[in-house]
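*Asks:* Quick note: the sequence shown uses my numbering, first residue 4, plus one each step.
Treat the hints with care, as some may be off.
[Stated by the list, open to error] Here are the simulated DSBU-like cross-link-like pairs (lysine-lysine), alpha carbons at most 30 Å apart as the crow flies:
{"hint": "1", "residue 1": "K327", "residue 2": "K378"}
{"hint": "2", "residue 1": "K164", "residue 2": "K195"}
{"hint": "3", "residue 1": "K236", "residue 2": "K327"}
{"hint": "4", "residue 1": "K283", "residue 2": "K298"}
[As the list claims (entries may be wrong)] Between beta-carbon pairs, the in silico distance windows are:
{"hint": "5", "residue 1": "A220", "residue 2": "C315", "range": "21 to 31 Å"}
{"hint": "6", "residue 1": "H242", "residue 2": "E380", "range": "30 to 40 Å"}
{"hint": "7", "residue 1": "C315", "residue 2": "E42", "range": "50 to 60 Å"}
{"hint": "8", "residue 1": "Y201", "residue 2": "G316", "range": "53 to 63 Å"}
{"hint": "9", "residue 1": "T183", "residue 2": "I58", "range": "35 to 45 Å"}
{"hint": "10", "residue 1": "E309", "residue 2": "H329", "range": "20 to 30 Å"}
{"hint": "11", "residue 1": "Y346", "residue 2": "D169", "range": "27 to 37 Å"}
In case anyone wonders, no lab produced these hints; they're calculated from the structure.
All C-beta atoms in this analysis are idealised placements derived from N, C-alpha and C, irrespective of residue type, glycine included.
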Amino acid sequence: MAKLANVKVVNENKVEYNGFVYTLVTGDAKVEDIVKASEQELDVTEGAFYLVVDIDDDNDIVFKDNVDDSNYFNQGEHSVFRKSHAITTDKLTDAEGVVTITLPDGTKLEGTPSDLEKITRSMQKMQAEQVAMVEMPEEVVEVEDESEPVSERLQVGDYAKVITYDDNGQSKFGDIVKVTEDDKSNVPFDTKHLDGSYAGWHYENDLVRATEAEVKAATATKDEPLKIGYYAKIIQEGHENFGKVVKITNDNRDGQLYPYSTELLDGTFGDIHSGNHIVKATEAEVLEAKQALLKEGDFARVISNEATTEACGPHEFEVGNVLKLHEFDSEDNTFETRYLNGYTPDAEWVHRKDLEPLTKEEAEHIAREAEEEKKAEAEREKWAAIGREVGEIKKGDIVRTTSHCGSVNPVGTIGIARGDSTVDSCSTVALAGDSGNWSSVVLIVPVEQRFDTVG
4 MAKLANVKVV
14 NENKVEYNGF
24 VYTLVTGDAK
34 VEDIVKASEQ
44 ELDVTEGAFY
54 LVVDIDDDND
64 IVFKDNVDDS
74 NYFNQGEHSV
84 FRKSHAITTD
94 KLTDAEGVVT
104 ITLPDGTKLE
114 GTPSDLEKIT
124 RSMQKMQAEQ
134 VAMVEMPEEV
144 VEVEDESEPV
154 SERLQVGDYA
164 KVITYDDNGQ
174 SKFGDIVKVT
184 EDDKSNVPFD
194 TKHLDGSYAG
204 WHYENDLVRA
214 TEAEVKAATA
224 TKDEPLKIGY
234 YAKIIQEGHE
244 NFGKVVKITN
254 DNRDGQLYPY
264 STELLDGTFG
274 DIHSGNHIVK
284 ATEAEVLEAK
294 QALLKEGDFA
304 RVISNEATTE
314 ACGPHEFEVG
324 NVLKLHEFDS
334 EDNTFETRYL
344 NGYTPDAEWV
354 HRKDLEPLTK
364 EEAEHIAREA
374 EEEKKAEAER
384 EKWAAIGREV
394 GEIKKGDIVR
404 TTSHCGSVNP
414 VGTIGIARGD
424 STVDSCSTVA
434 LAGDSGNWSS
444 VVLIVPVEQR
454 FDTVG
């Protein structure tokens, strides 16, 4: 099998897979162990888990990679997890294991360390209460009901606070996370950080519901001064650019009433502004402003399929594909697109909101590549017209020397190719006969078209 799916990372020393708990071990891996890839390789994903299917004669770890081919890890270079026990409904058993202690009277107790600690404390409390009852006169004591309502179980979408120091490798004590899945297992909660990054799986008692204040503090944007290169939004009412996103090109806060100089996203001059006339633009605001500038002939990167699907049905591209915008339909805000090689896709319409403009440097690079490919295609067609690969020289061709590289024939010498070769290296019969005459050449007349060879 390829990389394993549905592996739960309980913590850095323990994972769950296929109904069993696997624990981190030292030493060499064995068959049926799980190995965590420590680095990215061909057809191997860093951080992914793979099942050991064999140990070869060189003691290398054999596993199936992402394309289901046999691949190899060196022993000792990757984390190895070994099957410990079946997953139970008792998360403490899975997390801590089972131990046995013997009481002074010879009674043996078996359970997890946490269970036994609770039992021991309860027994000590009972003993203390019994002593107190013997020593103190009996009296009636009124006890108020101080019980608190049991906290409702976390639900998908809830915000929670991590209260365990048992690092799962994705989050740490005190982090505020969002519950994204509850599979009702002994490690039920899959989570993500508030910035969208992965926060890992958690036991139920690893998390408590986050307060509104904790969530607000975690999501509050930190104030920071605007800097050159930052994007800002104009909030000065009545200004001609009110609501527009601009780029800060100058910052002269030392004694200037209007320290910030800006330019519009089309590159034209914006204006000068005081600090209370602009605020830092969000990533979403910057993207929307850049998308509004897209036009026919531009290159753009696909970032989604959502808006296109809603407007006219899904497009056929993968996120990250770069396209050329061929024609714009203002009625549904979509572009008819082309592949970079000019081919028309089967589902060619893409909504503006599903596209991201390329940077100026990216667009220039792609334009250069497209122009180079256009020239290369023209060259291939020219050579194909005479039935040859690009640069192919045949015996008897008439050629001209372009770079003699030590040849006795100077640049510009016209001669005849002695044998089949290429334009980069051709032996030319010209001024000095058949020796010492290898050079770069250009084809003047193919041998098939020489009049003196006809008939």
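*Asks:* Each hint needs a verdict: does it hold in this structure or not?
*Replies:* Right, here's what the structure says about each hint:
1. K327 <-> K378: Holds: K327 and K378 sit about 19 Å apart, inside 30 Å.
2. K164 <-> K195: holds, 12 Å
3. K236 <-> K327: Holds, because 29 Å separates the two Cα atoms, which is no more than 30 Å.
4. K283 <-> K298: Status holds; Cα separation ~26 Å.
5. A220 <-> C315: 21 to 31 Å: violated, 43 Å
6. H242 <-> E380: 30 to 40 Å: Given a distance of about 50 Å, which is not inside 30 to 40 Å, the answer is violated.
7. C315 <-> E42: 50 to 60 Å: violated, 43 Å
8. Y201 <-> G316: 53 to 63 Å: violated, 31 Å
9. T183 <-> I58: 35 to 45 Å: holds, 37 Å
10. E309 <-> H329: 20 to 30 Å: holds, 22 Å
11. Y346 <-> D169: 27 to 37 Å: The hinted range 27 to 37 Å is violated for Y346 and D169, with Cβ atoms some 54 Å apart.
Of the numbered hints stated above, those contradicted by the structure are hints 5, 6, 7, 8, 11, listed in ascending order.
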